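Engineer: Take a look at the letters that make up each chain.
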Amino acid sequence: MAAVLTLGVLLTGCGGSDESSGGGKTVLRYTWWGNPDRAARTHEAVALFEKEHPGITVQTSFAGYEAYKQKLATQAAGGDAPDVMQLDYRQIDQYASGGILLDLGKQKKALRTDEIDAGLLATGVVDGTQYAIPQGRGTETVVYDAKQWKAAGVALPRNGWTWDDWADAMRELAKKTGKPGSVDPGQSEDCFEVWLRGQGKTLYTQDRELGFTADDLTRWWTFTDKLRREGAVSAAEQTTQLDGTVENQPLARGKAVSDFNWDAPASGFTPIVGEGLTLGPMPSGTNGTPGQYFKPSMFMGAAATSEHPEESAAFIDFMINDEKAAKILGASRGIPVNEPIRDAIGPGLKDFDKTIADYQDSVDGKLEAPPQAPPSGDNALQTTFGRDYDQVSFEQMSPREAAEDFITEAKAEVRS
Amino acid sequence: MTTTTATTAGRRPLPWRRVALHAGCLAALLVMLYPLAWLVATSLKPADEVIASLNLLPSKLEWSNYSTALDGVDDVSVGRLLSNSLLIAGGAVLGNVISCSLAAYAFARLRFRFRGPLFAFMIATIMLPHHAVLIPQYIIFNQLGMVNTYWPLILPKFLATEAFFVFLIVQFMRGLPRELEEAARIDGCGPFRSFFLVVLPLTRPALITTAIFTFIWTWNDFFTQLIYLFSPEKFTLTLALRSFVDASSQSAFGPMFAMSVIALLPIVLFFLAFQRFLVEGMANSGVKG
Amino acid sequence: MTTTDIPVQAARAQSPEPSRKPRGKREREGAAWVFLSPWVLGAVVLTLLPMAVSLYLSFTDYDLFNAPRWVGFRNYVQMFTEDPRYWRSVGATLTYVVIAVPLQLALALAVALALKSMRRGKAFYRSAFYAPSLLGASMSIALVWRAVFNDGGTVDNVLSGMGVHTGGWVNKPGWALLAVALLTVWQFGAPMVIFLAGLQQIPAELYEAAAVDGASRRRQFISITLPMLSPVLFFNLVLQTIQAFQVFTPAFAVSGGKGGPADSTLFYTLYLYDRGFVASHMGYASAMAWVLLIAIGAVTAVLFRTSRSWVFYANEGER
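Chains as they are written, first to last, in the working numbering: chain A, 182 to 597; chain B, 2 to 290; chain C, 1185 to 1503.
Hints were generated in silico from the structure; no laboratory data involved. There could be a bad hint or two in this list.
Calculated pairs, SDA-like style, for lysine to any residue (alpha carbon to alpha carbon, straight line, at most 20 Å) [claimed, not checked]:
hint, chain 1, residue 1, chain 2, residue 2
1, A, 436, C, 1263
2, C, 1306, B, 131
3, A, 360, C, 1337
4, C, 1306, B, 23
5, A, 250, B, 224
6, A, 250, B, 131
7, A, 250, C, 1461
8, C, 1306, B, 76
9, A, 232, B, 76
10, A, 592, C, 1338
11, C, 1300, B, 17
12, C, 1306, B, 224
13, A, 592, C, 1349
14, C, 1306, B, 235
15, C, 1306, B, 234
16, A, 592, C, 1337
17, B, 235, A, 278
18, C, 1306, B, 223
19, C, 1300, B, 273
20, C, 1300, B, 131
21, B, 235, A, 208
22, A, 360, C, 1335
23, A, 592, C, 1335
24, A, 436, C, 1264
25, A, 250, B, 223
26, A, 592, C, 1315
27, A, 407, A, 424
28, C, 1306, B, 33
Covered, in the sense of this in silico footprint (three residues per stretch, anywhere, with C-beta under 8 Å from a C-beta of chain B), are these stretches of chain C [stated by the list, open to error]:
hint, stretch
29, 1365-1379
30, 1473-1485
Here are some, though not all, of the chain B residues that point toward chain A, as calculated from beta-carbon distances under 7 Å [what the hints assert, rightly or not]:
hint, residue
31, 28
32, 29
33, 77
34, 136
35, 139
36, 140
37, 148
38, 152
39, 232
40, 234
Everything numeric in this text was worked out from a predicted model, so none of it was measured. Using N, Cα and C, we set each Cβ at its ideal position, and we do this for glycine too.
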């Protein structure tokens, strides 16, 4: 009885929001994650959009990344998704298969996609439908303090260096500087993916099954665990404190000489590391196969329940394809994916934005196409990955045991 | 504590005992307040020292953290954030004090059918992890068209959903001497007049306690505000605080600490103001210690 | 008013009961429902209905986006038999309850008693001891905690000075839980104020009479303070135990939501949150919530049962 009643509530809960038109004006709600700097630039861009579209008002709202994910999920589940939303790679599959997202392929009139790199654009496709448009791109990098690195007399990161080269460099750095060479990459699913792709494998297959085995993961964790024991990468006590913020990385705490990170957030090291801060390419596979790739740093999507799909599409188009908007936004959402716009704003980039653009140029053309958006279960697996490795680095489980645990959970997640 | 368990030589503590008591309390305070000192000191540290440095004192005073924090967030001024926070906390205080004391009086003093089971049910609601009911509650408020308003934050307080406070006031009312109510009843007072004229004034310490806790907890409650508030101009200080920290881009820990200190000031002031009232309220209510 | 003769009054209070007229009773019944009406509305709409939904969800596979799919007891079976991390979270939570609750209550009571006998500076101390509780478990206080209890932090330095080398607390599986528990213990303001308010309600005359009889302070504490304070002590015990079982924010803040190191602070609600909102298994999370609810209910029932032998109400009135 209660079940029937409550199911009714759940199903009818999926109505739209009706606060979308006020005073004859169309009101779009746009939510995103970021920091106050991104907020300032976003407001400026939105003001320009409103000026060019007098009939539309855009209400914006933002939060930090973790808080944003939670909020968006609650809103979407409550049938109250905002008209336009910023999405992460890992959210696309879940939101698309849950029927939250609008088919943007049907909005071609308002939303142009022809200037976006085809490989990147494809990452917003789920089951043949374009649910999201990538906005910026980023790639992984070895962030290091070139001053310390040079002082130690160790060869700098270079294109085509292998994981073995990297490991040797870490050992040497540890010996010369007395500090671990790097953060322990064993805790990071992203680093594992780079390593895996370097061997020609992938995290997930085309059919969204797991693309690797417990053996692969055991080898990765054995590799990193050995380096940890040697002191070449950060100790368990440091690694366990990683929470995604730059400030808690061993490099920022003065507990390591380098870090693995995405290129854009690495700007956070600027005030801490200083002038020596440099971005280097990720290690590649033994035969030189690059593992890193250009990942969409974020997407824009629209709600299937939106009462203003065309206006939403027009707004997305503005944010991605408009040159004036791009000049305001700069690289605050990653280096733009729209190629003419990337070239147009390139010369105007300053400070760390320029560092990122130069770094991306240095690897552009050498990398392979990005994988399609991971299945929704990956959202949970990312955390599980770090947790299971914690068990390894605190020596409560062997790499093999932890890998078996992870695979068991991963299979269940990917299936469901 | 030593004062009560140590053997005594008389009715009043000797001077040395009083001195020892104060010395003990001050020493304990020093330890207790150290993290607060850290918080304030960190709000004045330059960016590179906020996390990396393990010294209490900053190498130089970075007042710009405060000016950044005072600029507000997302085009919303600190004054606006502050008044939003005050509005929510004030509404919550009012709601809890009224609705919880009404319900508590019924449970503590009146007889009605199913009193036992209903009381047990009320206690049970304290035990329910609120994450479990978050989604259903959100759907209900969404159906009522109340998302992105302050209603989901304030209305539940007017409906006595915080069983903690009902229980607190019930416990207090049970401890009150009953003779005044009896006298009032003999004088012809119904339950309503008896409640307002006799019981409520005596319950003041519990009501003030309820007010203080409600204010502080509502002020610091990040989660509910995050879920229900959407437009920046409705944001609160607590929400704004978190927007300084974003794992996917550069965080601004210095200004965040500065804003933490700013956000702390109203609660401190509220507490200090009520602190006096609390003492006064207890002295005047006739329930002397 | 005077409160010297509570027992007498309490005894008298019960006497008129048999003579009450049926009409008055019905009136009082009606009045009771008027007093209760806001609570009833809230209980039905904002508690009972969501609880029913969450009970239903606990038997489903629900990812927030697609309609719930009925799976019977699968969530419960999986929880108890196939999820090693679930049991780690149960272990961490129980350890936490056993450490944090007694420590916090003892400290709160000790400070309240110390303040009670104080003539001067009482208001100052009360405010100062309450200060940490004003903060909640905010992001900034979590960062402070991490800094203070980290490798090379203040606690580490002080302990090293005394010859004990811990190398930080928040970063070690055996120690992190203690650091999180201390964050809760540190914020003992709420139980302290409740203890203080309870102490205020003990009639001074009782102590004066006892002093005239030559009772020692220890004797007074055992014979007057403890029994008179027992309802408040019980209240604090029940509340803090329930809250400790649901501990979320301190661990969430200090461990950055991960419950590390090595799952050592992965408390029950933290894992529940993780399953529900990070992994989008709302059905599983709801099942976890119901198991927690039943477990807390059982513990509370035990507390209430034992309370009959040690909690003393001044007037047991109409029961």
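Engineer: The structure should be examined with respect to each hint, and the outcome stated for every one.
Structural biologist: Results for each hint:
Taking the CA atoms of residue 436 of chain A and residue 1263 of chain C, the gap is about 39 Å. The hint is violated against a cut of 20 Å. A distance of roughly 36 Å separates the Cα atoms of residue 1306 of chain C and residue 131 of chain B; the hinted pair therefore is violated under the 20 Å criterion. Taking the CA atoms of residue 360 of chain A and residue 1337 of chain C, the gap is about 19 Å. The hint holds against a cut of 20 Å. Annotation: proposed proximity of residue 1306 of chain C to residue 23 of chain B holds, straight-line Cα distance about 10 Å (limit 20 Å).
Note on residue 250 of chain A and residue 224 of chain B: the hinted pairing holds, with a Cα-Cα distance of about 13 Å set against a maximum of 20 Å. Of the supplied pair hints, the one linking residue 250 of chain A and residue 131 of chain B holds, its CA atoms being roughly 19 Å apart against a limit of 20 Å. Proposed proximity of residue 250 of chain A and residue 1461 of chain C is supported: the alpha carbons are some 9 Å apart, at most 20 Å. For the hint pairing residue 1306 of chain C with residue 76 of chain B, the CA-to-CA distance comes to about 43 Å; that exceeds 20 Å, so the pair is violated.
Only pairs whose Cα atoms come within 20 Å are accepted, and residue 232 of chain A paired with residue 76 of chain B is accepted, the gap being roughly 18 Å. A distance of roughly 44 Å separates the Cα atoms of residue 592 of chain A and residue 1338 of chain C; the hinted pair therefore is violated under the 20 Å criterion. Taking the CA atoms of residue 1300 of chain C and residue 17 of chain B, the gap is near 17 Å; set against the 20 Å cutoff, the hint holds. Annotation: proposed proximity of residue 1306 of chain C to residue 224 of chain B is violated, straight-line Cα distance about 35 Å (limit 20 Å).
The suggested pairing of residue 592 of chain A with residue 1349 of chain C is violated, with an alpha-carbon distance near 42 Å, which exceeds 20 Å. Of the pairs offered as hints, the one joining residue 1306 of chain C and residue 235 of chain B is violated, with about 39 Å between alpha carbons and a cut-off of 20 Å exceeded. A threshold of 20 Å between alpha carbons decides the hint, and for residue 1306 of chain C with residue 234 of chain B the separation of about 41 Å lies outside it, so the pair is violated. The hinted pair formed by residue 592 of chain A and residue 1337 of chain C fails the criterion: a straight-line CA distance of about 41 Å is larger than 20 Å.
Note on residue 235 of chain B and residue 278 of chain A: the hinted pairing is violated, with a Cα-Cα distance of about 32 Å set against a maximum of 20 Å. Among the hinted pairs, residue 1306 of chain C with residue 223 of chain B is inconsistent with the structure: their alpha-carbon atoms are about 32 Å apart, more than 20 Å. The straight-line distance between the Cα atoms of residue 1300 of chain C and residue 273 of chain B is roughly 19 Å, inside the 20 Å bound, and the hint therefore holds. A distance of roughly 36 Å separates the Cα atoms of residue 1300 of chain C and residue 131 of chain B; the hinted pair therefore is violated under the 20 Å criterion.
Taking the CA atoms of residue 235 of chain B and residue 208 of chain A, the gap is about 17 Å. The hint holds against a cut of 20 Å. Of the supplied pair hints, the one linking residue 360 of chain A and residue 1335 of chain C holds, its CA atoms being roughly 15 Å apart against a limit of 20 Å. A C-alpha spacing of about 37 Å is found between residue 592 of chain A and residue 1335 of chain C, which places the hinted pair above 20 Å, so the restraint is violated. Our distance criterion of 20 Å between C-alpha atoms is broken by residue 436 of chain A and residue 1264 of chain C, whose separation comes to about 40 Å.
With a CA separation close to 15 Å, the supplied pair residue 250 of chain A and residue 223 of chain B stays within the 20 Å bound. At roughly 48 Å between alpha-carbon atoms, residue 592 of chain A and residue 1315 of chain C are farther apart than 20 Å, so this suggested pair is violated. Restraint check for residue 407 of chain A and residue 424 of chain A: the C-alpha separation of about 23 Å exceeds 20 Å, so the hint is violated. For the suggested pair residue 1306 of chain C and residue 33 of chain B, the alpha carbons sit about 17 Å apart, so the restraint of at most 20 Å is met.
Note: the stretch 1365-1379 of chain C has 4 residues with beta-carbon separation from chain B under 8 Å; the three-residue rule is met and the coverage holds. Coverage of the stretch 1473-1485 of chain C by chain B holds in this model, with 7 residues showing a Cβ closer than 8 Å to a Cβ of that chain against a need of three. Interface hint status for residue 28 of chain B: violated, as the beta-carbon distance to the closest one in chain A is roughly 31 Å, over 7 Å. Taking 7 Å as the C-beta cut-off, the interface hint given for residue 29 of chain B is violated, the closest approach to chain A being about 30 Å.
The criterion of a C-beta within 7 Å of any C-beta in chain A is not met by residue 77 of chain B, whose closest approach is roughly 10 Å, and the hint is violated. The criterion of a C-beta within 7 Å of any C-beta in chain A is met by residue 136 of chain B, whose closest approach is roughly 6 Å, and the hint holds. Hint status for residue 139 of chain B: holds, given a least beta-carbon distance of 5 Å to chain A, under 7 Å. A least Cβ separation of about 4 Å between residue 140 of chain B and chain A falls short of the 7 Å threshold, and the interface hint therefore holds.
The restraint placing residue 148 of chain B at the interface with chain A holds, with a minimum CB-CB distance near 6 Å, inside the 7 Å limit. Among the interface hints, the one on residue 152 of chain B is violated; its C-beta lies about 14 Å from the nearest C-beta in chain A, farther than the 7 Å criterion. This hint holds: residue 232 of chain B has a C-beta 6 Å from the nearest C-beta of chain A, less than the 7 Å allowed. About 9 Å separates the beta-carbon of residue 234 of chain B from the nearest beta-carbon of chain A, more than 7 Å, and the hint is not met.
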